[in-house]
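Work the whole structure out from these sequences, hints included.
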Amino acid sequence: MKAFLFKFLMLGLLVPVTAAVANPDFNGRWRLDVERSSALDGWTAMDLVLTVDGSKVSIEHDMRWRTSRVVETNVVDTKERVEISNFFRIDQRHMAVYAPKKSVSPVRARWLDKGKTLKVETTVPVEVSQGNAKIRIYCEYRLGVGGEMLTLLELHSTRNNPLVYRFRKLSSDDTSRP
Amino acid sequence: MIRALRNSIICLIAAGCLITASNAAPAKNAWVMRFDGDWEVASALPEKAMLISLQGLANRDEAQLYIIHPADFQWEITEPLYDFYKRKHGIAFREIETAKAALSRFKSAAKGYVVWDTAIGASLNVAFTIAGLEDAIVVSEALIPLVRKQGLKQIDDLRGRYTGQTDAQIYGNAIDRYWDRCNRDKIMLMGGHRGRVMMPAMADWGIRERMFFHDLSADPEEADELVLNRRLIGDLNPGSIVFGWHPYGKDTEEQSTMLLSTYGLKMEGLHNLPNLSYNCQFEFTEGFKFTNNHHVDLDERLVAEQKVYMSFVQSDSIGIGVWTKPGRGKLPFAWQVTMNWTDFSPAALEYFHESATPNDYFIGGLSGPGYMYPNNIPKDRFPILMDEAKKLMGVLDEHVMEIMDNSAADGNVGNAELFKETVDAYYEAFPDVLGFLNGYGPARTRDLRDSRPMISYDYYIDPKRPREEVTADLNELIALNSKLPYFLLVHVRESNDVNSLVTVVENLEGPVEVVAIDEFLKLAASKKTYKTRFRQADDPVHFKGY
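So the sequences go chain by chain: W and Z.
The opening residue of the first sequence carries number 36 in this note's numbering; numbering runs sequentially from there.
The opening residue of the second sequence carries number 60 in this note's numbering; numbering runs sequentially from there.
What the hints contain is simulated information worked out from the structure, not anything from laboratory work.
Backbone N, C-alpha and C fix where the C-beta goes; we use that ideal spot for every residue, glycine too.
Each hint should be verified, as a subset may be incorrect.
[To be verified] When the alpha-carbon atoms are kept at most 25 Å apart in a straight line, the in silico SDA-like pairs for lysine to any residue are as follows:
| # | chain 1 | residue 1 | chain 2 | residue 2 |
| --- | --- | --- | --- | --- |
| 1 | W | Lys-169 | Z | Thr-588 |
| 2 | Z | Lys-166 | Z | Ile-203 |
| 3 | Z | Lys-603 | W | Ala-134 |
| 4 | Z | Lys-542 | W | Ser-140 |
[Said to hold, decoys possible] Anything over 10 Å on all C-beta distances counts as not near chain W; from chain Z, calculated:
| # | residue |
| --- | --- |
| 5 | Glu-359 |
| 6 | Gly-473 |
| 7 | Ser-510 |
| 8 | Ala-538 |
Okay, structure coming up:
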């Protein structure tokens with residue numbers, strides 16, 4: 036009985052540890068599959084560059100519209116809540132919803148589904164025509180079977196339609212930009 | 060003494076003849092050609108270029124030749140306008156089927172031909188310049204036999220002249236040769252499509268008016284072209300108009316328009332706007348007076364309720380490609396009128412007004428008496444230009460001015476804000492308007508002074524954006540701007556389908572009411588729930604300017 040209880044407790048301890056480990060396939064550059072994604076507005080192309088380093092996950096957004104490029108990175112931590120200055124959200128550029136010049140957003144991240152899903156939650160301040168407002172954002176970065184596809188699901192507290200972005204992984208020797 | 064008297068009498072008679080000629084009504088008999096949509100240099104462009112140059116010459120003294128383009132051409136009203144000329148001006152058109160027949164009919168308008176080099180795009184612009192100055196038609200090598208058969212003689216031959224030269228070298232040479240003799244009130248920026256396809260449908264106008272043609276870049280990184288571009292526009296008379304459009308792939312619309320604005324010049328596009336040489340010879344029909352479909356009086360007061368007030372605006376010269384599409388009239392729409400058409404194309408404006416539904420409302424723009432970026436207009440030119448705009452708005456019975464300054468933007472995205480000094484200048488220049496609209500893409504310049512609001516677009520509808528996403532975007536804006544009344548101004552990009560917007564409106568959440576723009580501005584004046592904001596020094600910019 037004691038042995039069973041010990042095993043049960045050990046298993047209970049191990050499960051979260053296992054869940055907290057990211058699938059290494061997350062690492063790399065991911066290119067947006069425009070045809071299979073929610074329509075980007077204003078932006079014409081996007082790469083995500085994901086880098087897992089211990090509990091920290093760097094999410095780099097390499098964005099382009101016409102000749103303009105924007106590279107913005109959010110570094111989240113799957114162990115603790117972090118405050119991120121000027122958190123970057125994939126915005127619909129044809130809406131008058133602007134990032135404030137300076138902002139701090141509380142961000143929580145966690146690995147789910149045995150490290151195949153990264154959940155990120157935050158609330159970002161925005162500037163709109165009536166002044167300041169906030170959007171609560173819930174994201175899941177889901178790794179596809181085989182590790183070649185990544186799906187980003189994004190929910191806004193202010194939007195009833197989810198935004199779904201699908202990415203294909205680029206090979207490690209592919210240095211192209213969007 | 061007798062000789063002097065005789066000379067004076069001759070002069071008076073001659074002057075009288077000239078006055079009579081210039082006041083003469085357009086000819087009641089005219090000819091019409093139908094173009095297809097093939098503008099490929101390797102196939103149909105050379106013949107079209109020849110016919111357009113012929114049109115410019117044939118229409119120099121009287122309105123003789125009109126061209127109808129397919130319904131899917133960017134300027135889709137050529138057929139309805141043709142009907143308008145027949146119906147309202149009593150023009151009897153005879154159709155010309157072939158280039159040969161057109162040459163045969165109008166060859167007397169030309170003194171000869173100039174050959175352009177199909178391998179060098181810029182040579183077509185040089186040929187157009189020569190055509191205007193020398194009364195020549197422009198032909199490619201393949202068309203020489205056709206014009207020779209009509210008895211036309213060669214005036215110039217550009218084949219080989221510019222081989223291996225850059226555009227800067229070509230235009231530098233053309234400036235040396237021809238600029239002194241060209242019109243200094245108008246110039247033709249014949250850019251737009253370049254390379255495999257060229258679409259110089261506006262060349263008839265440039266030839267008729269003896270303009271200099273070029274497609275020099277306004278990009279500071281193409282310094283050799285920019286310096287020539289500056290030289291040309293710097294030589295123009297104050298208040299001049301730049302016709303045409305910026306060259307695709309060389310520079311951007313934002314760079315080009317900003318450059319012209321810094322010289323206080325007006326832009327009138329596009330490069331493929333057809334038939335101005337014909338249209339310019341007509342006036343409004345007798346007794347015609349513009350009467351806009353006003354929903355409120357200038358001094359009326361409205362009070363906004365706890366609602367989301369939404370208004371749609373189509374700019375782009377009465378919404379290029381939209382007016383004739385089904386669905387117009389189902390929603391209140393404001394249409395930005397290219398006010399200069401009062402001079403160049405009055406029949407087109409009359410046609411728009413005649414065919415307007417009660418839901419169609421006309422507003423002035425863009426930024427002034429032509430397309431300009433007001434943050435960049437020289438301070439001494441601003442009041443003069445805005446006086447001109449005010450007069451045109453008076454003629455057109457317009458009470459709303461639309462403003463756009465994309466000089467710091469990148470396309471339809473980015474900084475479209477107005478400096479406070481610019482806003483001040485508009486409020487001073489237009490004391491009698493209902494208000495101002497700003498932006499193209501979304502913007503955040505807003506103000507309210509006395510009863511005149513300045514509202515920027517909160518949303519821009521990309522014609523390609525799926526309608527369910529447009530609906531979601533608008534619903535999200537409504538959620539974010541939660542204080543009622545919320546004033547949601549929407550810019551509808553050219554070629555958007557009005558019917559699809561009806562569905563979008565039906566799926567919006569909340570107490571939404573779509574109102575006409577004059578009503579919208581009056582309501583926005585009654586309850587200011589929007590924040591005053593001007594362009595700030597540290598707002599992001601995508602083009603730093605010159």
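Hint check:
Restraint check for W/Lys-169 and Z/Thr-588: the C-alpha separation of about 17 Å stays at or below 25 Å, so the hint holds. The hinted pair formed by Z/Lys-166 and Z/Ile-203 meets the criterion: a straight-line CA distance of about 14 Å does not exceed 25 Å. Between Z/Lys-603 and W/Ala-134, the direct Cα distance comes to roughly 21 Å. Compliance with the 25 Å bound is thereby established for this hinted pair. Distance restraint check for Z/Lys-542 and W/Ser-140: the Cα-Cα separation of roughly 24 Å lies within the 25 Å cut-off, and the hinted pair is therefore satisfied.
The claim that Z/Glu-359 lies off the interface holds: its Cβ sits roughly 24 Å from the closest Cβ of chain W, which is beyond the 10 Å cut-off. Against chain W, the non-interface label of Z/Gly-473 is violated: not every CB pair exceeds 10 Å, the least being about 7 Å. No beta-carbon of chain W comes within 10 Å of the beta-carbon of Z/Ser-510; the shortest separation is about 19 Å. A Cβ of chain W approaches the Cβ of Z/Ala-538 within 10 Å, the least distance being about 4 Å, so the stated non-interface status is violated.
The structure fails to meet hints 6, 8 from the earlier list, while all remaining hints are met.
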